Structure formats: structure tokens, C-alpha cells
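With chain D's structure known, arrange chain X on it following the hints.
Heads up: the sequence lines are chains D and X, in that order. With numbering that gives the first Met the number 0 applied, the first sequence covers 0 to 291. With numbering that gives the first Met the number 0 applied, the second sequence covers 0 to 369.
Accuracy of the hints is not assured; some may be wrong.
As the list claims (entries may be wrong) - Partial chain D-side listing against chain X, Cβ under 8 angstroms, derived:
(1) K32
(2) L271
(3) L275
Said to hold, decoys possible - Computed far set for chain D versus chain X, every beta-carbon distance over 10 angstroms:
(4) A2
(5) L3
(6) F56
(7) L62
(8) A92
(9) G108
(10) V132
(11) A150
(12) V158
(13) S177
(14) R187
(15) D220
(16) T261
(17) L272
Calculated directly from the structure, the hints in this document are not laboratory data. No experiment lies behind these values; they were computed from the predicted model shown. The beta-carbon is built from N, C-alpha and C at its ideal position, and this holds for glycine as well.
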Amino acid sequence: MHALIQGLILGVLTGGVYALMASGQTLIFGIMKVVNLAQGAFVIASAYLAFTLFTRFGIDPFLAVLITTPLMFCIGAAGQWLFLRPLRRENAAELSLLVTFALALLIEGILSVTYSTTYRSINTGYANKSFEVAGYTVSAVRLYGFLLSIALLGLLYGVLQKTRFGRAIRATVQNPQSAALLGVDATRVQAYGFGLGISTAAASGSIFGLLYPFQSGSHYDLISRLLSVVVLGGLGSIGGAVLAGIAIGVVSSVAAVLWSPTWSEMSFFVVLLLVLLVRPQGMFGRVERGAV
Amino acid sequence: MTTASMHQSRLVTPAGLTRASAFTALLVALPLVFNAHWMVNLLFFTVLYAAMSVAWNLIGGYAGYPSLGHAAFFGLGAYGVSLVFTGSQVLSNGYEPFLLLPLVGLGAGLIALPIGLIAMRTRADVFAIVTITLLFVAQTLAFNLKGLTGGAQGASVAPPPFRLEIFEQPFYFAAAALLLLAMGLTYLAVRTKIGLALTAIRADEDKARGIGIRTTAVKLMAFSVSVGLVAMAGGIWAYYVGFVYPQFAVDPLLTIAIVLMTFLGGRATLWGPVLGAAILMPAQQLLAYYVGGSRLYLIAYAAIFLLIILLLPRGVLPTVFHRRRLSALAATASQAEAQAVPSTGPEVLRPPTVMASEPSYVQTSAGERR
Numbered sequence: 000m001h002a003l004i005q006g007l008i009l010g011v012l013t014g015g016v017y018a019l020m021a022s023g024q025t026l027i028f029g030i031m032k033v034v035n036l037a038q039g040a041f042v043i044a045s046a047y048l049a050f051t052l053f054t055r056f057g058i059d060p061f062l063a064v065l066i067t068t069p070l071m072f073c074i075g076a077a078g079q080w081l082f083l084r085p086l087r088r089e090n091a092a093e094l095s096l097l098v099t100f101a102l103a104l105l106i107e108g109i110l111s112v113t114y115s116t117t118y119r120s121i122n123t124g125y126a127n128k129s130f131e132v133a134g135y136t137v138s139a140v141r142l143y144g145f146l147l148s149i150a151l152l153g154l155l156y157g158v159l160q161k162t163r164f165g166r167a168i169r170a171t172v173q174n175p176q177s178a179a180l181l182g183v184d185a186t187r188v189q190a191y192g193f194g195l196g197i198s199t200a201a202a203s204g205s206i207f208g209l210l211y212p213f214q215s216g217s218h219y220d221l222i223s224r225l226l227s228v229v230v231l232g233g234l235g236s237i238g239g240a241v242l243a244g245i246a247i248g249v250v251s252s253v254a255a256v257l258w259s260p261t262w263s264e265m266s267f268f269v270v271l272l273l274v275l276l277v278r279p280q281g282m283f284g285r286v287e288r289g290a291v
Numbered sequence: 000m001t002t003a004s005m006h007q008s009r010l011v012t013p014a015g016l017t018r019a020s021a022f023t024a025l026l027v028a029l030p031l032v033f034n035a036h037w038m039v040n041l042l043f044f045t046v047l048y049a050a051m052s053v054a055w056n057l058i059g060g061y062a063g064y065p066s067l068g069h070a071a072f073f074g075l076g077a078y079g080v081s082l083v084f085t086g087s088q089v090l091s092n093g094y095e096p097f098l099l100l101p102l103v104g105l106g107a108g109l110i111a112l113p114i115g116l117i118a119m120r121t122r123a124d125v126f127a128i129v130t131i132t133l134l135f136v137a138q139t140l141a142f143n144l145k146g147l148t149g150g151a152q153g154a155s156v157a158p159p160p161f162r163l164e165i166f167e168q169p170f171y172f173a174a175a176a177l178l179l180l181a182m183g184l185t186y187l188a189v190r191t192k193i194g195l196a197l198t199a200i201r202a203d204e205d206k207a208r209g210i211g212i213r214t215t216a217v218k219l220m221a222f223s224v225s226v227g228l229v230a231m232a233g234g235i236w237a238y239y240v241g242f243v244y245p246q247f248a249v250d251p252l253l254t255i256a257i258v259l260m261t262f263l264g265g266r267a268t269l270w271g272p273v274l275g276a277a278i279l280m281p282a283q284q285l286l287a288y289y290v291g292g293s294r295l296y297l298i299a300y301a302a303i304f305l306l307i308i309l310l311l312p313r314g315v316l317p318t319v320f321h322r323r324r325l326s327a328l329a330a331t332a333s334q335a336e337a338q339a340v341p342s343t344g345p346e347v348l349r350p351p352t353v354m355a356s357e358p359s360y361v362q363t364s365a366g367e368r369r
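For reference, chain D alone in the conformation it holds in the complex:
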């Protein structure tokens, strides 16, 4: 029982980080119906950035978020402008899958050239610190990471709900044509929206780098988990992604406790499979004609 609750705590904390990564991905899908296969690669790139900032300049990975987030936003917006915007053709949806996959490869290639392929990890002073709460151990890094993720998710929610830009994004998600008719600059919303989605990778990258050793190929592990989360939550639904992220985090860490860590990976996919059997559109996805 103790181990189970311990696993539960761990799962919620890890799930929060997945929720942040997945929220960006599902936002991107909502805005332009692009499944961003490069999200994991952007997370790893951010982890490397945080690594460099920490080892070279001694900037704490949590503070580095202030630098990496705007950077990732710009890279994301530029990437959209360069590679996705030109795809305004009949099969843009499928082509965009290929483009984002190519982007992931490009990032992986650049990272492995710059950093070689050995595993890196960010070892801060508090890396191994942990708190004891009522007999349960809570790792400091995980707790801070979780809190940061929740704060950023709140910020994302605020941007989407309270700002003009956020309203333009939500309008585009609901109905691109009507939004355009009402004066929303679709090209700009798409570029900035993609940037916004990618910028969530920055903070999650810092946290990921603190939690796990990583190398340039790690994005494959990440992307499969992220995709499970996004589909489970319902493509395009940020709230769904957050819930699904936490749910899957809990399921996999409980599976690791009850069963074995090697197989906890599979729990993502088992959950995904079960959901697809019952509800192909995910927990909070809307059924769109031709989409699901």
C-alpha cells in the first residue's frame, strides 16, 4: 500500500510534466491540424540548452526557462513559417506529418553533431534532495518541476483566455474560416500558435533534463508517450491533454510499482488501445467529420 501511494505521488508529479509537453502539441493540432512529431525533439533540444546554460554559465535549469522559452517560441514560429506554411495544398495534413518528422530528424542530427551521442544529465546541487511528507518521499526536482509545469499551464490558459491573441487562437481552433472572415490573420496565428506550442517544450525540457539522462535519440521515447497522451485526451483539447498526461503518468508509475519498470512503458499504449476501442476520439475530443 505504501509503495502504491508512493507510486501515485510519483505518477502525478511526472504526469504534470507530460501534461505540459502534451498541451503544446495538442494546441498545435487544434490550431492547424498538424500532428507535431517534432515536439519530443524540441523538448530534448531544450534539455540540451538547459544543460549548456548550466554547465557553461551556471544558470539554474529552472531559471534557464526564462531564456529557453522565448528562444523556443522564435524557433517554433520560424520553423512553421519556413516549412509548414508553404504546405497549403490538398494533402497538407499528411505532408505536415512528414515535415515535422523531418524536423525531428534535423534536430536530432544537429544535437548529435554538437553534443555527440553520449548520455548527459544535469546535476544540480539539489538533484538528489527530497522531502519526507507523512512517510512518503517526494523528490525536490520532481516537485519543483510539477509546480513549474502547473504554473506554466496556468499561464498558457491565461494567455488563451484573456488576451486578444489567445482569443484569435481559440477562434481559429473553433472555425478557421469564420475566424479569418472576422479579421483574424490566420498566417500570423498559425506561426505564433506553433511557436507557443513549441515554447511549452522549453520548460519541460529543463525538467526532463533534471529528471532523466538524455541523448539526441531520446525524442523517440518521448514522442510515443506524448502521442498517447494527446490522443487519449482528445486531439486539440488542452484540458484533455492535461488530464490524460496526469492519468498516464499515474498509470505508468503504478504499473512500474506493481509490475515491473520495463513494462511500465507499455502501460501508455495499453491505455491508448483501450480508449480507442471505446472512444476513438479520445476523452475530450470532438467528433469531426472526416477526422476521426
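For chain X alone, coordinates are given in the frame of chain D:
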């Protein structure tokens, strides 16, 4: 659908036969003419990938279900062959493994049925996601089911006893036979109602079901055949390389390579994937040869990848056919203008489904029926 292509509903046409036999002759002649080891090796991989691209095209091109999980079945075939090898005393390591391949394909095709049934509850992007997840499931299984796959240590296949001078050739001919089989099946599908059903599904699945096409059955069949063929390719590959590691047997790059080849040559065309493989595979090997040692390979590969998609989003063959059709149309138009005689083409019933929603697709369909 153009009127011309609707008239040619016969399964076997003289032109088709000529093309098929010429291509077969070419496939047979190639390794005999260019018989250097590196050349036959390159030819083997080109033909193997061409076969897989043609197979992918069935479901990803014609039916519009962009599967990113085909590598899972490639791995299935590879491990299937290695398992039967180590598990049975009956099988020797001569030509018998090749005879095993149809069984491997059949088995993979059967396994694909329930998987396809679940995965095809989703469409387009979501289907792509589900299938790419399938790929990672397969990879995790390959790493973790150590009893069957040997885990990260890999599984070995007995070395083939072929003479060194012609070592690659049996594998090449097996791959070539697979390519011909894949193309034959595609041709058969396209020339029969199945092809129409697949295109209708791609154009608008709900409408297709509405007019009475058994969409689920057709989709499942295409998926099953497609991954069955890929599994057979995996089997040949396993016997050729002799060692099956999870990260190479179930490789996301493999999936993406066959998708890219199909897109480059032209989706939903019979020859497009072959052309794509013939261009990309040598390019890939060349790239690996020159920058393979360094990590620049991935960057170069991704750059080529992006260039192809941005510059040739439609693929080579459809672009060519489109141009040709446009110029033909322009010619007839100017002719008609000169003569001022109304066009007298016979009115022919057109299948309504394919006309439905994708005008661009209809434009290129003249080429697709070749």
C-alpha cells in the same frame, strides 16, 4: 476518372503485359550486368525498399490511411524468420527460408487484422499517430521479450551457404520477386472494384460507406496485404543481414523512408513508389558512404527530406502526368477553337464517389490507372 481509363477495364492489356515483362527482364538483368558486390547490395536494398513502398502505397496512397507503423511488421517478419530458424530442426539454411516467406507474410497479415480493426477506427492524422505508437510498442516488445527476440543482444540467423561470388543474388531475386508480387497485387486491386473502393474511401469514407462500399472490409484487406508484404521484406532482410537487433528491425527511419519514397515518386500510382525507391535508395547509400561516419548523415537526410516535400509535394509521376494532361487539354482546346466544332466525346457514366471532393486528385487520376 477519365473516360479513357474507364474503358480499359480489362484486367490484362497488351500495353500492361509489355511493361510488366520489360520490367521483369530489367529486374533479372540488372544484377547479372552490374555484378559487383556493392552494386548488387545496393540493388537488393533498392528493390527491397521499392517492394515495401509499393506495399505501403496500397494503404497509405490509394486508401489515404498514412500508416507510420509498417516498420513494426517489418520487425515481425524479421523476428519470425529468426525464430523459425532457431526453433526448428527441419529448416536448413539454404533456399528453404525463402520458401518460408509466404507463411511469414500470411501470419503477419492475419495478425494485422485485429490491429487494423482497432487502428482504423481512427482516420488520417489520428491513424498516423496510432500506427506510429504501434511501432514503438513493437520496439518495446522486441527489447523486452528477451526469450523470443534476445532483447538488446539481438537474435542471430544462420549464415546462408551461398557461394561468395553470387552471395547477394538469391536475396536480390527474392526481393525482386516480392516487388513483382506487390506490384501485381496493386495492379490487380486498381484494375478491379477494390481500387475504386479504396480511392472512394480516400476521397470521402462516409460517402463511400453511404453508397454501399464495404469500407471496413476493403480497408482491412488493403492493410493486411500491405503489412504482410512488408513482413516478407523483413524476413528477407533478416536472412540477409544475419543478425536482428530491435533498433534496426523496428526502425522509425524505415517507415519514414518508404513513406518518403512513395511521396517522391507519387502516391496512388503503380510506378511512383518504384521510382521513388530507385532515386532515394542510391542517394541514401551515397550519403551514408560520404558522410555516414560523421553524424552529418541525419542532417543531410532531413534536409533532402524537407526539400522533396517542399518542392515536389505531389510527387514526380503525378506532376509529370498533370503537366502532360494540361498541355494535351490546351492543345485540344486550341484545336476546338480553330475548328469551332463542339466536342463529340461520348457521354460515359462516371463513378460519383471519386468525383466528390478532391478535384486535384481527379486531375491526376489519368496517370494513376496506368
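Hints and how they fare:
Residue-level restraint check for D:K32 holds (minimum Cβ-Cβ distance to chain X is 7 angstroms; threshold 8 angstroms). Interface restraint check: D:L271 against chain X, minimum CB-CB distance 6 angstroms, threshold 8 angstroms, status holds. Evaluation of the D:L275 hint against chain X yields a held restraint, the C-beta minimum of about 6 angstroms falling below 8 angstroms. For D:A2, the requirement that its beta carbon stay farther than 10 angstroms from each beta carbon of chain X is met, with the minimum near 22 angstroms.
Non-interface status of D:L3 relative to chain X is upheld: no Cβ of that chain comes within 10 angstroms, the nearest being about 23 angstroms off. Every beta carbon of chain X lies more than 10 angstroms from that of D:F56, the smallest distance being close to 25 angstroms; the non-interface claim holds. Its beta-carbon lying about 30 angstroms from the closest one in chain X, D:L62 satisfies the requirement of being farther than 10 angstroms from that chain. Distance check on D:A92: its Cβ comes as close as 6 angstroms (rounded) to a Cβ of chain X, failing to clear the 10 angstroms threshold; non-interface status is violated.
Distance check for D:G108 against chain X: the nearest CB is about 3 angstroms away, which does not clear 10 angstroms, and the non-interface claim fails. At roughly 33 angstroms from the closest C-beta of chain X, the C-beta of D:V132 stays outside 10 angstroms, upholding its exclusion from the interface. For D:A150, the non-interface assignment is confirmed: its Cβ lies about 28 angstroms from the closest Cβ of chain X, beyond the 10 angstroms cut-off. Residue-level check passed: D:V158 sits 25 angstroms from the nearest beta carbon of chain X, beyond 10 angstroms.
With a least beta-carbon separation of about 20 angstroms from chain X, D:S177 lies farther than 10 angstroms from that chain, consistent with its non-interface assignment. With a least CB separation of 21 angstroms from chain X, D:R187 remains clear of the 10 angstroms interface cut-off, as annotated. Against the 10 angstroms criterion, D:D220 falls within the reach of chain X, whose nearest CB is about 8 angstroms from its own CB. Its beta-carbon lying about 5 angstroms from the closest one in chain X, D:T261 breaks the requirement of being farther than 10 angstroms from that chain.
At the 10 angstroms boundary, the C-beta of D:L272 falls inside the reach of chain X, the nearest C-beta of that chain being 7 angstroms off.
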